[in-house]
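For the sequence shown, our numbering begins at 2 and goes up steadily by one.
These are computed hints drawn from the structure, not numbers from a lab. Nothing here was measured: the structure is a model prediction, and the numbers come from that model. Treat the hints with caution; some may be incorrect.
When the alpha-carbon atoms are kept at most 25 Å apart in a straight line, the in silico SDA-like pairs for lysine to any residue are as follows [stated by the list, open to error]:
1) Lys100 with Leu41
2) Lys351 with Ser290
3) Lys100 with Leu448
4) Lys351 with Glu361
5) Lys151 with Arg440
6) Lys100 with Ser147
7) Lys151 with Arg141
8) Lys100 with Asp341
9) Lys100 with Thr142
10) Lys351 with Gly109
11) Lys100 with Val16
12) Lys151 with Asp341
13) Lys151 with Pro337
14) Lys351 with Asp302
15) Lys100 with Ile445
Quick list of the computed label-pair ranges, beta carbon to beta carbon [stated by the list, open to error]:
16) Gly475 with Val152: 56 to 64 Å
17) Asp17 with Asp409: 45 to 53 Å
18) Ala205 with Asp5: 26 to 34 Å
19) Tyr153 with Gly207: 21 to 29 Å
20) Ser44 with Glu485: 37 to 45 Å
21) Val66 with Ala520: 33 to 41 Å
22) Ala84 with Asp5: 37 to 45 Å
Where is the CB? At the ideal position from N, CA and C, for every residue including glycine.
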Amino acid sequence: MRSDPTSAVVTGPQVDGIDRVLTSEALALLGELHRRFEPLRRSVLGARAVRHAEAERDRTLTLTVAERAAADDPDWRVEPAPADLVDRRCEITGPTEPKMAINALNSGAKVWLADLEDANTPHWHNVIAGQVVLQNAVRRTLRHTSDDGKVYELAPDRDLAVIVPRPRGWHLDERHLEVEGQPMSGSIVDAALYLLHNAEEQLARGSGPYLYLAKLESADEAALWREVLTTIEQHLGLPVGTIRVTVLIETITAALDIQAILHALRPHITALNAGRWDYLFSLIKVFRSAGPEFVLPDRADVPMTVPFMRAYSERLVAACHQRGAHAIGGMSAFIPNRRDPDVTERALAKVRADKEREAEDGFDGSWVAHPDLVALCTEVFTAAFDGRDHQLHRTRDEVSVGASELLDVAATGGAITAEGVRTNVAVGVEYLAAWLGGRGAVAIADLMEDAATAEISRAQLWQWCHAGAQLDDGTVVDERLVREMLGDEVERLVAASPDEETVGRVRTAATLFEQVALAPDFVDFLTEPAYDLIAPPHGGDVSA
Numbered sequence: 002m003r004s005d006p007t008s009a010v011v012t013g014p015q016v017d018g019i020d021r022v023l024t025s026e027a028l029a030l031l032g033e034l035h036r037r038f039e040p041l042r043r044s045v046l047g048a049r050a051v052r053h054a055e056a057e058r059d060r061t062l063t064l065t066v067a068e069r070a071a072a073d074d075p076d077w078r079v080e081p082a083p084a085d086l087v088d089r090r091c092e093i094t095g096p097t098e099p100k101m102a103i104n105a106l107n108s109g110a111k112v113w114l115a116d117l118e119d120a121n122t123p124h125w126h127n128v129i130a131g132q133v134v135l136q137n138a139v140r141r142t143l144r145h146t147s148d149d150g151k152v153y154e155l156a157p158d159r160d161l162a163v164i165v166p167r168p169r170g171w172h173l174d175e176r177h178l179e180v181e182g183q184p185m186s187g188s189i190v191d192a193a194l195y196l197l198h199n200a201e202e203q204l205a206r207g208s209g210p211y212l213y214l215a216k217l218e219s220a221d222e223a224a225l226w227r228e229v230l231t232t233i234e235q236h237l238g239l240p241v242g243t244i245r246v247t248v249l250i251e252t253i254t255a256a257l258d259i260q261a262i263l264h265a266l267r268p269h270i271t272a273l274n275a276g277r278w279d280y281l282f283s284l285i286k287v288f289r290s291a292g293p294e295f296v297l298p299d300r301a302d303v304p305m306t307v308p309f310m311r312a313y314s315e316r317l318v319a320a321c322h323q324r325g326a327h328a329i330g331g332m333s334a335f336i337p338n339r340r341d342p343d344v345t346e347r348a349l350a351k352v353r354a355d356k357e358r359e360a361e362d363g364f365d366g367s368w369v370a371h372p373d374l375v376a377l378c379t380e381v382f383t384a385a386f387d388g389r390d391h392q393l394h395r396t397r398d399e400v401s402v403g404a405s406e407l408l409d410v411a412a413t414g415g416a417i418t419a420e421g422v423r424t425n426v427a428v429g430v431e432y433l434a435a436w437l438g439g440r441g442a443v444a445i446a447d448l449m450e451d452a453a454t455a456e457i458s459r460a461q462l463w464q465w466c467h468a469g470a471q472l473d474d475g476t477v478v479d480e481r482l483v484r485e486m487l488g489d490e491v492e493r494l495v496a497a498s499p500d501e502e503t504v505g506r507v508r509t510a511a512t513l514f515e516q517v518a519l520a521p522d523f524v525d526f527l528t529e530p531a532y533d534l535i536a537p538p539h540g541g542d543v544s545a
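Model the full assembly from the supplied sequences, consistent with the hints where possible.
Structure below.
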C-alpha cells in the first residue's frame with residue numbers, strides 16, 4: 002500500500018473503506034507526524050506519571066508555574082469562536098456509527114460530538130469506518146439502511162449539527178499503523194485523518210475543521226496538541242488557527258492547570274467542557290491510596306452538587322469567561338426509554354434539573370446523549386440566555402477555587418452500599434463485554450455507560466478494597482465480596498446471552514474486569530488491557 006519508506010505502515014487487515022482513508026498522502030502525513038511528535042508524546046506521558054505519584058504522596062496538588070503565569074496576566078484572551086460555534090446551547094454525543102450519526106445530525110442539536118474515543122472502541126474496522134462516516138457526513142452523503150429495511154438519511158431541509166470529532170487521548174496507541182516498528186498515537190491518527198480528508202471541504206461549506214480534545218492533564222499536553230495542529234495546518238496550507246478545538250477538562254490535574262491550558266492553545270481553542278465522568282475517575286485514580294479522606298461513596302451519591310464537583314464546574318466557567326471561551330456542561334447519564342413512560346418521565350426530570358443548574362452557573366450549553374433530550378436542553382439554555390447565544394458576559398468574578406476546594410472529597414457525604422458495589426460490578430462486566438464486541442456506548446439500567454463510567458466502576462472497587470472500606474451495614478468491602486457479586490453477574494449475563502460468542506465475551510470481560518478491579522497494582526486505563534485482547538502488541542490481530 003505504500004511506496005514512500007518514510008510513510009506509516011499499515012499492519013491491520015483489509016477492511017471496508019481502507020483505501021479511501023489510508024491514501025498515500027495520509028500515510029506520508031502520519032509518518033511525518035509520528036517522527037516529529039512521538040518523543041514529545043512519550044515525554045508528556047512520563048511527566049504525567051511523575052505528577053500523579055507526587056500528588057498521591059503529598060495528598061494534594063499545587064499550581065504549576067505555567068498556571069500561575071497565565072492566571073496572573075489579565076490581558077490575554079482566546080480567539081473569538083467561528084460563526085457556527087458561537088451558539089452551542091445543546092450538543093449531542095455519540096459514536097461514529099451510521100444510524101446514530103444520522104440521528105445526531107438531524108436531532109436539532111447545535112453540535113454533534115462525533116466520538117472516536119470513549120463511546121467508540123478501537124477495533125480496526127471501527128477506526129476506518131468512523132473516518133468513512135465522517136467523510137460522508139461532511140459531504141452530506143451519509144445514508145444507512147437497517148436490517149429491517151428502514152432508511153436513515155440526512156434531512157435536506159434542516160440545519161444539521163456542526164461536526165466536532167473527538168480523537169482518542171494521548172495515552173492510547175494505534176497498533177494497526179506503525180512507523181519504524183513503533184505503533185502510532187491514536188490521537189494523531191484520528192485527528193490527522195479527519196483533518197486531511199475534511200478540512201478543506203468543511204471550509205468550502207462555510208464551517209471549519211473542529212475537534213474535541215480528550216484526556217489532557219497539563220498545559221504541556223495542550224502545547225503538544227498546538228504543535229501538532231500547527232503542523233497539520235502547514236501541511237494543508239491553512240493559516241494558523243484555522244483548526245479550532247474544544248478541550249475536555251476531565252482530569253483533576255487539568256482542572257488545576259485550566260488557565261494554562263487555555264493559554265497554550267489560544268490560537269485554536271474556543272471552549273472547555275466539563276467532562277464530569279472522567280473527572281471523577283481521575284480523582285479516584287490519582288488519590289486512590291492517599292487515605293480515607295479520599296474514599297468516595299457510591300457513584301449515585303456523587304452528583305455535581307457535592308462541594309468538590311461544584312468547585313470544579315465553577316472554576317471552569319470562571320476561567321472560560323474571563324478569557325472569552327465558551328463553557329460547555331457535561332452529559333447527564335440518564336436516558337429516556339420510549340417503551341416505558343415512567344422511566345422517561347423520571348429521566349427527563351433529572352436531566353432538566355441538571356441542565357438548569359448548569360445554566361444557572363453560567364455554562365454556555367451542555368451535552369445530551371439521546372435525540373429525545375435535545376429539545377429539553379435547548380429550552381433550558383434558551384431561557385437562561387435571555388435573547389443571547391451564550392453567557393460569556395457572566396464572568397463569575399466571585400468564584401475563587403483552588404486545590405483545597407477541588408480536593409474537598411471528605412465533604413461529599415453519602416455511603417457505600419451493597420447495591421453500589423453490585424452496580425459497579427454489573428456495569429463493568431456488561432460494558433466490557435459490549436466493548437469487546439465493538440460497541441463503546443451501552444444503555445444499562447436506563448443510564449448511558451461508556452468507557453468513563455466503566456472506569457469509575459472498577460476504580461471505586463479497587464479503592465474500596467485497598468482502603469478496607471465498609472458498607473453502610475458494617476460489612477467490609479473486600480475481594481471475596483466483589484468476586485461473589487462478580488460470579489452472580491456473570492451467571493445473569495450468560496443466561497441472557499443469545500449465543501456462545503456472546504457467552505465467551507461475557508466470560509472474557511469478567512476475567513478482565515477482575516484484573517483491573519482487584520489486581521495489586523492499579524492499571525491506569527482499563528482500555529489498555531482490553532486493547533491487548535483485540536489487537537495484541539506482537540501480532541495475532543483479532544480486531545477486524
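Point to revise | Ascending list of hint numbers which this structure does not respect | key: 1, 2
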